[in-house]
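Peer 1: Sequence:
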Amino acid sequence: MDKCNLNIQDNKGGLYMQCPYGSVWRKWDFHVHTPYSILNNNFGFNPFELNENSLEEKFDEYVKNLFTLAVENDIAAIGITDYFMLEGYKLIRENYLSSPDKMLQCFPDDSLRHKVEKIFVFPNIELRLENFVGKKAHPVNYHVIFSNDVEIQDIEENFLHQLKFNYDGGNKMALTISNIEKLGRQIKENKKSGSELLLGLENVTVNYSDIQKILENNPAFKNKYLITVPVDEDLSKVPWNGRDYSTRRNIYRQCQCLLTSNENTRKWALAVGHEEEQIKEFGSIKPCIWGSDAHDYERMFNPAGERYCWVKSEPTFEGLLQIIYEPADRVCIQRDHPIVKDMHQVIDSVKIVGDDFQESPIYFNDSLTCIIGGKSTGKSTLLNQIAIASDGNSVIKSEVDLPHSQFKNAKAIVTWKDGTTSQRKIVYIPQNFLNSTIDNPEEETAISEIILDVLLQESTIKEAYDNLTEKAGKIKEKVVALINELVTAKNQLKKLTELINEKGASSTYDLTIAKLKEQRAMLGQKVNIGQEDIDNFNEIENNIDRISSYDKNLQQELEKQKSISSVEIVVPGYFYSSNGLSIDHDFSQDFPVTKDHLYSELIALNNEISSKWKNVIDSNCNNLRSLIKKNKDELNNLNERYNFLKKKVIQNENIEKLTDDINTESKLQQSAIEREKKRNAIIKNIDQIKEKIIDSQSDYLNIHTDFCESIKSTKISKETSLVFDAKVVWKQTEFMEYLAQVFNNRNFTPFKNENGYDLTDLKPQNYNRDFLSTLWNAFEETGKHGGLSFKANQTLETILPVIFQNWYNIHYIVKSGNDSIENMSPGKKALVLLEMLISLEDSKCPILIDQPEDDLDNRSIYIDLVQYIRHKKKERQIIIVTHNANVVLGADAEEVIIANQDGIGTENIERRFEYRSGAIENDEILTDDSGTPLNGILNQSGIQTQICDILEGGHSAFKLRQNKYSVTKYD
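The sequence shown: position 850 = 1778 (this note's numbering), numbered continuously.
To be clear, the hints were calculated from the coordinates, so they are not data collected in a lab.
Some hints could be false.
To be verified - Quick list of in silico lysine-lysine cross-link-like pairs, DSS-like style, CA-CA up to 30 angstroms:
| id | residue 1 | residue 2 |
| --- | --- | --- |
| 1 | Lys1046 | Lys1150 |
| 2 | Lys1719 | Lys1691 |
| 3 | Lys1618 | Lys1606 |
| 4 | Lys1043 | Lys1030 |
| 5 | Lys1279 | Lys1339 |
| 6 | Lys955 | Lys1892 |
| 7 | Lys1680 | Lys1712 |
| 8 | Lys1431 | Lys1712 |
| 9 | Lys1558 | Lys1574 |
| 10 | Lys1712 | Lys1606 |
| 11 | Lys1802 | Lys1646 |
| 12 | Lys1100 | Lys1150 |
| 13 | Lys1390 | Lys1756 |
| 14 | Lys986 | Lys1018 |
| 15 | Lys1743 | Lys1353 |
| 16 | Lys1772 | Lys1743 |
| 17 | Lys1606 | Lys1560 |
| 18 | Lys1585 | Lys1560 |
| 19 | Lys1887 | Lys1141 |
| 20 | Lys986 | Lys1043 |
| 21 | Lys1620 | Lys1418 |
| 22 | Lys1110 | Lys1092 |
| 23 | Lys1480 | Lys1558 |
| 24 | Lys1488 | Lys1423 |
| 25 | Lys1404 | Lys1655 |
| 26 | Lys1605 | Lys1490 |
| 27 | Lys1772 | Lys955 |
| 28 | Lys1195 | Lys955 |
| 29 | Lys1643 | Lys1659 |
Put together the whole structure using the sequences plus the hints.
Peer 2: Okay, here's the thing in structure tokens:
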């Protein structure tokens, strides 16, 4: 079935088509004349001058052109207009629209004919008043638009014929065609030319007070007509103190709308900001309507300046009345469709696959859709299914600690306006979510996410937040790298320490070498080798060892200098290395336009730096070669002296052996010294790494503090009384819970006694560098008093990444008046959250809200919530489950979906859960194509009736809506 092809049975037994999207913007033309408007008739024939057969032939042509052009111009409603009579409308209604055979004859194409049948046709009677206004004393035209539900006979006999016009010196006659002709004959006697009817129509006038009395006193017309007055001038510039003020005022008080496309007059009529004064003076806030005022085919549905009249309603008279109740939002005059939303951000329909749910899809208006129904009728279930199918992640986050859908086997398929069924972002607010949401400064809560979303709409804060995120990521990467480096260094230290313990410390060789040298000296004395020679020999020997070791280091450094990589410029955030040696950059994502220039400049800079770097390396190598040569010369000199003394020393076999032993021990000692130097270097590196890891917490704190400062210094550009702030909070609870998980708790008391820190009640002011150093020392020195030992399966490698993760959170603060959100009453907190979600949040994705009134008082619902929704629905789609009439009617819902669960007295057609959708203005029963009412409780009455039956205060809300812009009270 076509989406807008549900038949509605109207009060007269006629049919019109209901659109399941409810009220949508459609083009209406309120002012299209027929050939019976002989005062200005350019359709090529005068129906009053033709016989019946010729009239039918000519009028067939008019009707074909009328409706074909209407379809081509996408016109949904036509006001058939004639002067002082109903002849054109009557002929169209009775001989064409009510005659299937005639419609088939005129429109044999089924597609065209069906489109014609959907057009709403209503009568617009144009009158001329006996009053004159303005500087040039123009006569006032006056239109009465009737509902198509009013019988033509009633309009003629009980309205037109009850009006009187002046005739023959003060006598009055009924406004009938024959009497108008009689007036024309009288005028013709005064030697004026023209047909009697034409002359009569040119001169006949009526009294506006008579019009009002007749309409108000006849119950057949109650709520079935609208009065509109054409306005050719800019009423915002009219002096309202002239001689015609009283007449103007009374005429405008009578009418419900103005027939004009003047934008300044429209603004004057809406009187934004001084509505009460306008209502007091002119009776109501007036919407403005417009039409083509067509008297020929060329002008038909082609208003001047393409100023089309768009009405947001069903194409019915009850739909038309909505512009009286919502004059600013239900009608506009412009060329293009009033609101075109991003089709990728609008849910078009949902189909729930499951035995419990109706088979046909449920459609949604792109503005505000309200889902209503009794208890347990499937309202929240429908919304939940839409949310799951649209954005499952949002449902999981929103419904933490809230009950989930009981229909696990049902699967919803959401179709977006672009025709796809993929998941995408929505905002989903489940029932009671607003008041069940707790703001915990130490955690990222739903409240903090809502506040952050609002803040990130400010470019300055967004830039600061991105900077925070980037820096936090880099600190984390640095900490991970440092921990890995620390673990590697500790493993190296462990192995080296074991080797030192195995081989011995350098000091263990001192005594051995000293004894060996002492023995050699004593032996030298015996074999006539002087002490001075032995001392010189020992000194030269030591110097040779020292210089040889230094020469080895110089040789190694020279080789490394010769093989060192060339230097390259690195642009942080844009470089990568595939092999750990060469550096590449990628600018394509962020700089698609300028990337080639960046690459070329980077190459040029690298070439320039490489040349300078080569000079540095060459200089270093030359210096090293010089030192090596100097060392070699010094070694040669030492070796000459050494060899000379050696001949004397080794003449004795024992002295030679002692010398060999001394050399061996000296080499072992030198190796031990090298190991100790390396161990000390590793220990120093470990201490430096440890300090850097500890400093990471200060780094985290600093970047979070900077971000908070950016929030403090940035003024929110949105119009709101809310004040936003932020502060850095240490995650105290989570940190202490982690310590309790990884350390043996029996160590906590000794740790406290030794160091003064209570790990079960650690204060935020104590979380600093000194504490972290003390903590680290404690778990590294478990054997000491106050040390901390790990629980089973915990190691340094497992705990360090957690202990030194980011333990800071941003606590976002929003204040309304003097209250911050954590101190607000539940109702005020819910209202503030809704303001941020609905009014301040810039995203264009759909908003799904389940019974927000449960978190609010009645005053907040009507004054605040309704206004948020009315404003935001113009920008994004909103779907709300509600049981509050003020939400539905106060926010002027474009669509109402009524949910029902099958039961005794509430029977559905075939499934457990069924839904009916329609507009607020709809109050008709649903029928099939033959006009037979459909089965099912939802189809037995109209949307309006069911709103009143289901929602508490429904009748009162309807009356409030109808009367809020008028002193005339509608029943």
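Peer 1: State for each hint whether it applies.
Peer 2: Now for the hints, and whether the structure bears them out:
| no. | hint | in the structure |
| --- | --- | --- |
| 1 | Lys1046 - Lys1150 | holds, 25 angstroms |
| 2 | Lys1719 - Lys1691 | holds, 24 angstroms |
| 3 | Lys1618 - Lys1606 | holds, 18 angstroms |
| 4 | Lys1043 - Lys1030 | holds, 15 angstroms |
| 5 | Lys1279 - Lys1339 | holds, 8 angstroms |
| 6 | Lys955 - Lys1892 | holds, 26 angstroms |
| 7 | Lys1680 - Lys1712 | holds, 13 angstroms |
| 8 | Lys1431 - Lys1712 | holds, 28 angstroms |
| 9 | Lys1558 - Lys1574 | holds, 24 angstroms |
| 10 | Lys1712 - Lys1606 | holds, 27 angstroms |
| 11 | Lys1802 - Lys1646 | holds, 16 angstroms |
| 12 | Lys1100 - Lys1150 | holds, 26 angstroms |
| 13 | Lys1390 - Lys1756 | holds, 27 angstroms |
| 14 | Lys986 - Lys1018 | holds, 16 angstroms |
| 15 | Lys1743 - Lys1353 | holds, 28 angstroms |
| 16 | Lys1772 - Lys1743 | holds, 25 angstroms |
| 17 | Lys1606 - Lys1560 | holds, 26 angstroms |
| 18 | Lys1585 - Lys1560 | holds, 28 angstroms |
| 19 | Lys1887 - Lys1141 | holds, 23 angstroms |
| 20 | Lys986 - Lys1043 | holds, 22 angstroms |
| 21 | Lys1620 - Lys1418 | holds, 16 angstroms |
| 22 | Lys1110 - Lys1092 | holds, 13 angstroms |
| 23 | Lys1480 - Lys1558 | holds, 13 angstroms |
| 24 | Lys1488 - Lys1423 | holds, 26 angstroms |
| 25 | Lys1404 - Lys1655 | holds, 21 angstroms |
| 26 | Lys1605 - Lys1490 | holds, 26 angstroms |
| 27 | Lys1772 - Lys955 | holds, 26 angstroms |
| 28 | Lys1195 - Lys955 | holds, 21 angstroms |
| 29 | Lys1643 - Lys1659 | holds, 28 angstroms |
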